[in-house]
Structures are given as C-alpha cells and as structure tokens.
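Undergrad: Let chain A serve as the given structure and place chain B on it in line with the hints.
Chains as they are written, first to last, in the numbering used here: chain A, 1 to 222; chain B, 1001 to 1102.
Keep in mind that the hints were calculated from the coordinates and are not lab data. Being a predicted model, the structure only gives us computed values, none of them experimental. Incorrect hints may appear among the rest.
Unchecked claim - Sample of chain B residues facing chain A (criterion: CB under 10 Å; computed from the structure):
| no. | residue |
| --- | --- |
| 1 | I1004 |
| 2 | G1012 |
| 3 | L1033 |
| 4 | K1034 |
| 5 | S1038 |
| 6 | A1040 |
| 7 | V1042 |
| 8 | L1045 |
| 9 | L1048 |
| 10 | A1052 |
| 11 | P1066 |
| 12 | V1069 |
| 13 | A1080 |
| 14 | A1088 |
| 15 | T1092 |
Glycine residues also receive a C-beta, built at the ideal position from the N, C-alpha and C atoms.
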Amino acid sequence: MRSILRTDPIARDVAALCAAGVVVGLSFGAIASAAGVPLSQIIAMNAFVYAGGAQFLAVGMAGAGATAAAIVLAGLLLNVRHLPFGLAIGNEVLGARRGARLLGSHLMTDESVAFALAQSDPARRRRAYWLTGICLFLTWNVAAAAGAIVGSALGDTETFGIDAAFPAALLALTLPSLKDRPSLRVAIGGAVLALVATPFLPAGLPVLAALLALVLGRERPS
Amino acid sequence: MSWIAIIVLAAGTYAFRFAGPVLRDRITVSDELKRYLSLAAVALLAALIATAALVEGGKFVGIARPAGVLVGAVLAWRKAPFVVVVVAAALTAALLRVAGVE
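Just chain A, same shape as in the assembly:
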C-alpha cells in the first residue's frame, strides 16, 4: 500500500481526498443526528442522494422547519450542476458498458469530475474518475454513519479547520484545468458572479449563475 501511494500520484491524491472526506462525513453524521434525523434516514441519504452539499443543506433546512417541497427544490437546484458535469466528462470516462454507466453516474461528484478533467489522456481520466468515485462513496457512507452513531462526541469540526480544507482541495483539483486564458477568465468570472449573486438568490442558484461567465470563454483572435 505504501509503495503504491509513493509511486502512483493518482492513488496518492485520491487517498488524501478520501482522508478529508472521512472527517467531513463524520461531521455530517454528527450534525444530522444532532438535528434529530433518524439513523435510517441518514444512511439512506448517504447511499442514494450521495451529495454532501445537498445533504448538509437538507438537514439544515429540515432543522429550520422547511417543508419537504422546499428541501427538494433547494437540493435539486444545488445538484443540477451534475448535468453539465456529465456533459463535460461524457461516457468515455464512465466506460462503454451499460452497468458502468448506471453505476458510474451515481459516483459523479465535484471531486471525481474535477480530478478526471485534470488528467491529460482518456485512460488516466477514467482511472482518476473511478478511483475517486469508489473511494469517496465508501468513505462517505461509512464515515457519515459512524458520525451519526458517535453523535456529537467529535465536537465542532471547524476547530480542526476542515471547513477550509475542502475548498482548498477542490481548488487544487481545478487548477490544472485553467490551462489557457479563456478558462482562466471563465473561472474568475464564474466565481465573482456566484459571490455577487449570493445575497440575492436562494442556495444553489448562485453557483448556477456562474454559467453566465461562459460569455468570457470566447477564443480571441491573436
């Protein structure tokens, strides 16, 4: 195991990503159980919704007394980004077989997409996607269930700076995709648009507003 991690950069990065995922999963389980969500529902969300942001949002809204319809709408708004993600990676990353497509789609997360797109050739893209997807799915499900059982014994995860670790991890994964000026303009434009839209739009929509930055992606004649 150690020698694999030393010689294979993809495996090493996935291991680091999953280690961070364990702590976020633990904290989700702890927060959800503290909010009164039963263990059966926490386990079902982990396995079938499998989207950290939407799960945190749903638990927070349920705690604030939101209706089921509002929770679903907000969660789907946050998760609609998977549609353009899937269009971007396509079936060459998931694999040709039907089973691989059905299963691979469910493993689609910000991290697996970002990590796949950071690779230079199709074979490495597929490997990075599946390795990230499987590893994160397993660690998320186990850690979040464990967190729910252990409850709030972990304390506040902000104490450990975990809230800063995830944006930084995602940034490190996205950086290799910013390989030319148009993608740099789109990234900065998208980030600014989302931040500006945050006070005015409900959760989930600001991130989608970032798509307007695509107008900055035009190739300029040099």
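TA: Quick look at chain B alone, frame taken from chain A:
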C-alpha cells in the same frame, strides 16, 4: 425529515447525473461545444470554491477559513503536493482560530 423528500431528492439527483453522459452520446457534439462544456464545469467548480471559501448561510464566514484556503491556493499554484495543500489549509484555519481570529 420526510422520506418523500429524501426519495425525490435522490431520484432527481440521479437523473441529473445520468442525463449528462447520455445526452452527450445522443447528440453530436462539435469541438467548440466540447470546449464550452469543459468551460462550464470550470465555471461551476470555481463558483463552488469561491462560495464554499467565503460564505455560509448567505453570510461572510470570517477570516480564518478564507485565509486557510488562500494558503492552500498559493501552495497549489506553487505545485505543492495535494496532501500538503489540504493539510496546510486546515492547519492555517485551525491555528488562526486558536489565536482567537474567527
């Protein structure tokens, strides 16, 4: 939380995840469109990073988290290993909070 909410959210999320690759197979995608699709993913990821780093519940999160992310960003830009980026970001935020900076 209601079971209906969990089931509909799970089904809808899976539909989004499944639809992307399928649609890309059904329609012929020009190289220019492919480029824009990659750019769309970049825009969404950049927006996620920015909002996750700076806001929570519609409000500014304070100094510690963005400072940690910034340290991670500089290290990532300097091509530091991924593990170093993540640990340095977390450590910076944690130490700032120990020092009383929120």
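Undergrad: Please verify that hint: B:A1088, Cβ, nearest Cβ of chain A, below 10 Å or not.
TA: holds (8 Å)
Undergrad: Let's test the interface hint: is any C-beta of chain A closer than 10 Å to that of B:V1042?
TA: holds (5 Å)
Undergrad: Just to be careful: measuring from the Cβ of B:A1040 to every Cβ in chain A, is the smallest value less than 10 Å?
TA: Check passed: Cβ of B:A1040 comes within 4 Å of chain A, closer than 10 Å.
Undergrad: Was the hint right that B:P1066 lines chain A, CB cutoff 10 Å?
TA: holds (8 Å)
Undergrad: Please check whether B:A1052 passes as an interface residue: C-beta within 10 Å of a C-beta belonging to chain A.
TA: Holds, because the Cβ-Cβ distance from B:A1052 to chain A comes to roughly 4 Å (cut-off 10 Å).
Undergrad: Hint validation: B:L1033 versus chain A, beta carbon distance must be below 10 Å. Holds or violated?
TA: holds (9 Å)
Undergrad: Given B:T1092 as an interface hint, is the shortest Cβ-Cβ distance to chain A below 10 Å?
TA: With Cβ-Cβ at 7 Å, under 10 Å, it holds.
Undergrad: B:V1069 was flagged as interface toward chain A. Is the shortest Cβ-Cβ separation under 10 Å?
TA: holds (5 Å)
Undergrad: Does B:A1080 pass the interface check with chain A, least Cβ-Cβ distance below 10 Å?
TA: Holds: closest Cβ of chain A sits about 8 Å from B:A1080, inside 10 Å.
Undergrad: Hold the hint about B:I1004 up to the distance rule: shortest CB distance to chain A must be less than 10 Å.
TA: holds (5 Å)
Undergrad: Let's test the interface hint: is any C-beta of chain A closer than 10 Å to that of B:S1038?
TA: holds (5 Å)
Undergrad: Closer than 10 Å between Cβ atoms is the bar; does B:L1045 clear it against chain A? Give me holds or violated.
TA: holds (5 Å)
Every hint, counting from the list given before, is met by this structure.
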